[in-house]
Amino acid sequence: MDEARLTAWLRDATGDASLVVEGASLLSGGAIQQNWALDVSGGRAWVLRTDNAATLAVSHGRAQEYALLRAAFAAGVTVPEPLFLCEEASVLGAPFFVMRRVAGTAAGHRVVRSETLGGGREACVRALGHELSRIHTIRPPRADLGFLGTAPDDPCAAFIAEQRTALDRQRLPRPVLEWGLRHLERTAPPPILPVLVHNDFRTGNIMLDETGVTAVLDWEFSCWSDPHADLGWLCAKCWRFGNDAQEAGGIGSRAALYEGYGAVDDARVRWWEVAAHIRWASIAVDQAERHISGVEHNLELALTGHMVPGLEWEILRMVETRDAAA
Amino acid sequence: MPLHEEPAAADLLATARDMLLKDLLPALPPDKAFAARMVANAMAIAARAAAQDGGWEAAALARMPGAPASFAASIREGRFDPGTPHHGEAAALLDEITRARCAVSAPRALG
Numbered sequence: 001m002d003e004a005r006l007t008a009w010l011r012d013a014t015g016d017a018s019l020v021v022e023g024a025s026l027l028s029g030g031a032i033q034q035n036w037a038l039d040v041s042g043g044r045a046w047v048l049r050t051d052n053a054a055t056l057a058v059s060h061g062r063a064q065e066y067a068l069l070r071a072a073f074a075a076g077v078t079v080p081e082p083l084f085l086c087e088e089a090s091v092l093g094a095p096f097f098v099m100r101r102v103a104g105t106a107a108g109h110r111v112v113r114s115e116t117l118g119g120g121r122e123a124c125v126r127a128l129g130h131e132l133s134r135i136h137t138i139r140p141p142r143a144d145l146g147f148l149g150t151a152p153d154d155p156c157a158a159f160i161a162e163q164r165t166a167l168d169r170q171r172l173p174r175p176v177l178e179w180g181l182r183h184l185e186r187t188a189p190p191p192i193l194p195v196l197v198h199n200d201f202r203t204g205n206i207m208l209d210e211t212g213v214t215a216v217l218d219w220e221f222s223c224w225s226d227p228h229a230d231l232g233w234l235c236a237k238c239w240r241f242g243n244d245a246q247e248a249g250g251i252g253s254r255a256a257l258y259e260g261y262g263a264v265d266d267a268r269v270r271w272w273e274v275a276a277h278i279r280w281a282s283i284a285v286d287q288a289e290r291h292i293s294g295v296e297h298n299l300e301l302a303l304t305g306h307m308v309p310g311l312e313w314e315i316l317r318m319v320e321t322r323d324a325a326a
Numbered sequence: 001m002p003l004h005e006e007p008a009a010a011d012l013l014a015t016a017r018d019m020l021l022k023d024l025l026p027a028l029p030p031d032k033a034f035a036a037r038m039v040a041n042a043m044a045i046a047a048r049a050a051a052q053d054g055g056w057e058a059a060a061l062a063r064m065p066g067a068p069a070s071f072a073a074s075i076r077e078g079r080f081d082p083g084t085p086h087h088g089e090a091a092a093l094l095d096e097i098t099r100a101r102c103a104v105s106a107p108r109a110l111g
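Taken in order, these protein sequences are the chains called A and B. As numbered in the numbering used here, residues 1 to 326 make up the first sequence, in order. As numbered in the numbering used here, residues 1 to 111 make up the second sequence, in order.
These are calculated hints, taken from the structure and not from any lab test. Predicted, not measured: the structure shown is a model, and the values here were computed from it. Treat the hints with care, since some could be wrong.
Stated by the list, open to error - Here are the simulated SDA-like pairs of lysine to any residue, each with C-alpha atoms no more than 20 Å apart in a straight line:
#1 B:Lys22 / B:Ala44
#2 A:Lys237 / B:Arg99
#3 A:Lys237 / A:Ser253
#4 B:Lys32 / A:Arg110
#5 A:Lys237 / B:Leu93
#6 B:Lys32 / A:Ser25
#7 B:Lys32 / A:Leu26
#8 A:Lys237 / A:Ala267
#9 A:Lys237 / B:Pro107
#10 A:Lys237 / B:Ala109
#11 B:Lys22 / B:Met43
#12 A:Lys237 / A:Arg270
#13 B:Lys32 / A:His297
#14 B:Lys22 / B:Ala36
#15 B:Lys32 / A:Ala107
#16 B:Lys32 / A:Thr304
#17 A:Lys237 / A:Asp266
#18 A:Lys237 / A:Asn199
#19 B:Lys32 / A:Glu300
#20 A:Lys237 / A:Arg317
#21 B:Lys32 / A:Ala302
#22 A:Lys237 / A:His306
#23 A:Lys237 / A:Leu193
#24 B:Lys22 / B:Leu12
#25 B:Lys32 / A:Arg270
#26 B:Lys22 / B:Ala33
#27 A:Lys237 / A:Arg110
#28 B:Lys32 / A:Leu301
#29 A:Lys237 / B:Arg108
#30 B:Lys32 / A:Leu27
#31 A:Lys237 / B:Asp95
#32 A:Lys237 / A:Thr214
#33 B:Lys32 / A:His109
#34 B:Lys22 / B:Met38
#35 A:Lys237 / B:Gly111
#36 B:Lys22 / B:Ala35
#37 B:Lys22 / B:Phe34
#38 B:Lys32 / A:Leu303
#39 A:Lys237 / A:Ala284
#40 B:Lys32 / A:Ser253
Please put together the full structure from these sequences, using the hints given.
Printed below as a string of structure tokens:
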């Protein structure tokens, strides 16, 4: 990155004419973004977040993510404080924002094996429930979140319609995902008032230290929807990182999560757990297609495609069990 | 009697993967371990694909009511819902296909 340009921009944004970037190093980031750790004069520890060249169309850009972080921070959600946004591509080649750097561990496999991270399993999932309840206080309409579009009258129906549209765009038909979506349609709960849903609130995207939650990360898929969608995504078996007995993200019990959240309609959460497997399978198909089509030749993307059959198997089992109980 | 030379693809992949995990991975710097594990994973999937009898695909397609796209569309329309005459057959077919797909891609998912 062009540190001279960045320094000039930061001096302007902060009003600190003597600001110096003392260090900049690339952190391990997601497939979509680049995260840089910035050490700035005066002991300021920041993170600069910008886009990789190739990005998924469904994720929000940096300006939108910045607006989401500001809304979440104001609602009392534990997020890194957003500091500055640069919408000009001329400074670094793509828009970016700067937020305070937060310490902790997010890596899913490490988190689910730890008895102490997040203050211990039960305390951690109780805290996660509380974080979600704070996020869900953000309700439409919000002028600052206008890019999220109009909130759906019926979030469950909207989810099914979006997923079908996504399947219609795919190169190959997906009968098992159709099977799951049809089940969701047959068993959909009634309309509910939509709230801000993080939409990727899961183990791996939540930073923890030994005392608790230090940051809820990765806001780029947020939307107006059923609040139970977030609880279902977190509890879905496919996001327990192999630690299936701990139903809340492989970390702790479902009961403690619900307790930390407040009022939960368990049947709605279970519906969204089926939905979570379908959505993740559909994302995995998209990722594999990036590799197959040659847009981005990459082994990780290729292997993600091979997660689809396992997700489909789980969908078939969930549908079978739920239909037998109906 | 096979006309191709042995050992065949599945054996080669399994043997190479074993060497990768036992000999090479421990000698790699820690920041390359994830990449090496991905390579091992890809080799395991390819080895299982090479070893699988692909006959299940033709059998599944023969039993499928229509081409996969029309089967998928019929499911969406509710024509195989519980209580419809062919619900059980459709469910069994999807299970069979998915089981065979998992046997290559994700055998652990089958439990």
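Going through the hints against the structure:
At roughly 15 Å between alpha-carbon atoms, B:Lys22 and B:Ala44 fall within 20 Å of each other, so this suggested pair holds. Taking the CA atoms of A:Lys237 and B:Arg99, the gap is near 18 Å; set against the 20 Å cutoff, the hint holds. As the CA atoms of A:Lys237 and A:Ser253 are separated by approximately 13 Å, the hinted pair is consistent with the 20 Å bound. Note on B:Lys32 and A:Arg110: the hinted pairing holds, with a Cα-Cα distance of about 18 Å set against a maximum of 20 Å.
A threshold of 20 Å between alpha carbons decides the hint, and for A:Lys237 with B:Leu93 the separation of about 24 Å lies outside it, so the pair is violated. About 18 Å separates the Cα atoms of B:Lys32 and A:Ser25, which keeps this hinted pair within 20 Å; it holds. Proximity of B:Lys32 to A:Leu26 is assessed by CA-CA distance (about 16 Å); at most 20 Å being required, the pair is judged to hold. With a C-alpha separation of about 16 Å, the suggested pair A:Lys237 and A:Ala267 falls inside the 20 Å cut-off, and the hint holds.
Restraint check for A:Lys237 and B:Pro107: the C-alpha separation of about 16 Å stays at or below 20 Å, so the hint holds. With a C-alpha separation of about 11 Å, the suggested pairing of A:Lys237 with B:Ala109 holds against the 20 Å cut-off. For the given pair, B:Lys22 sits about 14 Å from B:Met43 by alpha-carbon distance, which is consistent with the 20 Å threshold. With a CA separation close to 11 Å, the supplied pair A:Lys237 and A:Arg270 stays within the 20 Å bound.
Under the criterion of a C-alpha separation no larger than 20 Å, the hint pairing B:Lys32 with A:His297 is consistent with the structure, at around 18 Å. Simply put, B:Lys22 and B:Ala36 have alpha-carbon atoms about 11 Å apart, close enough for the 20 Å limit, and the pair holds. For the proposed pair B:Lys32 and A:Ala107, the alpha carbon gap of about 17 Å is at most 20 Å, so the pair holds. Our distance criterion of 20 Å between C-alpha atoms is met by B:Lys32 and A:Thr304, whose separation comes to about 19 Å.
This hinted pair checks out: A:Lys237 and A:Asp266 have alpha carbons roughly 15 Å apart, not beyond 20 Å. Distance restraint check for A:Lys237 and A:Asn199: the Cα-Cα separation of roughly 16 Å lies within the 20 Å cut-off, and the hinted pair is therefore satisfied. Only pairs whose Cα atoms come within 20 Å are accepted, and B:Lys32 paired with A:Glu300 is accepted, the gap being roughly 14 Å. Taking the CA atoms of A:Lys237 and A:Arg317, the gap is near 12 Å; set against the 20 Å cutoff, the hint holds.
A hinted pair counts as satisfied when its Cα atoms are at most 20 Å apart, and B:Lys32 with A:Ala302 qualifies at roughly 18 Å. Pair hint A:Lys237 plus A:His306 holds up; C-alpha atoms about 17 Å apart against a cutoff of 20 Å. Distance restraint check for A:Lys237 and A:Leu193: the Cα-Cα separation of roughly 26 Å exceeds the 20 Å cut-off, and the hinted pair is therefore not satisfied. As the CA atoms of B:Lys22 and B:Leu12 are separated by approximately 15 Å, the hinted pair is consistent with the 20 Å bound.
Using a Cα cut-off of 20 Å, the hinted pair B:Lys32 and A:Arg270 is violated, with the two alpha carbons roughly 38 Å apart. A hinted pair counts as satisfied when its Cα atoms are at most 20 Å apart, and B:Lys22 with B:Ala33 qualifies at roughly 12 Å. With a CA separation close to 17 Å, the supplied pair A:Lys237 and A:Arg110 stays within the 20 Å bound. Straight-line distance between C-alpha atoms of B:Lys32 and A:Leu301 comes to about 17 Å, which keeps the hinted pair within the 20 Å bound.
Between A:Lys237 and B:Arg108, the direct Cα distance comes to roughly 14 Å. Compliance with the 20 Å bound is thereby established for this hinted pair. Between B:Lys32 and A:Leu27 the CA atoms are separated by roughly 16 Å; this keeps the pair inside 20 Å, and the hint holds. For the hint pairing A:Lys237 with B:Asp95, the CA-to-CA distance comes to about 19 Å; that is within 20 Å, so the pair holds. Straight-line distance between C-alpha atoms of A:Lys237 and A:Thr214 comes to about 24 Å, which puts the hinted pair past the 20 Å bound.
A hinted pair counts as satisfied when its Cα atoms are at most 20 Å apart, and B:Lys32 with A:His109 qualifies at roughly 17 Å. Between the alpha carbons of B:Lys22 and B:Met38 the distance comes to roughly 15 Å, so the proposed pair stays at or under 20 Å and holds. This hinted pair checks out: A:Lys237 and B:Gly111 have alpha carbons roughly 13 Å apart, not beyond 20 Å. Among the hinted pairs, B:Lys22 with B:Ala35 is consistent with the structure: their alpha-carbon atoms are about 15 Å apart, no more than 20 Å.
Annotation: proposed proximity of B:Lys22 to B:Phe34 holds, straight-line Cα distance about 15 Å (limit 20 Å). Distance hint between B:Lys32 and A:Leu303 is fulfilled; the C-alpha atoms sit about 17 Å from each other, no more than 20 Å. Note on A:Lys237 and A:Ala284: the hinted pairing holds, with a Cα-Cα distance of about 16 Å set against a maximum of 20 Å. Between B:Lys32 and A:Ser253, the direct Cα distance comes to roughly 34 Å. Violation of the 20 Å bound is thereby established for this hinted pair.
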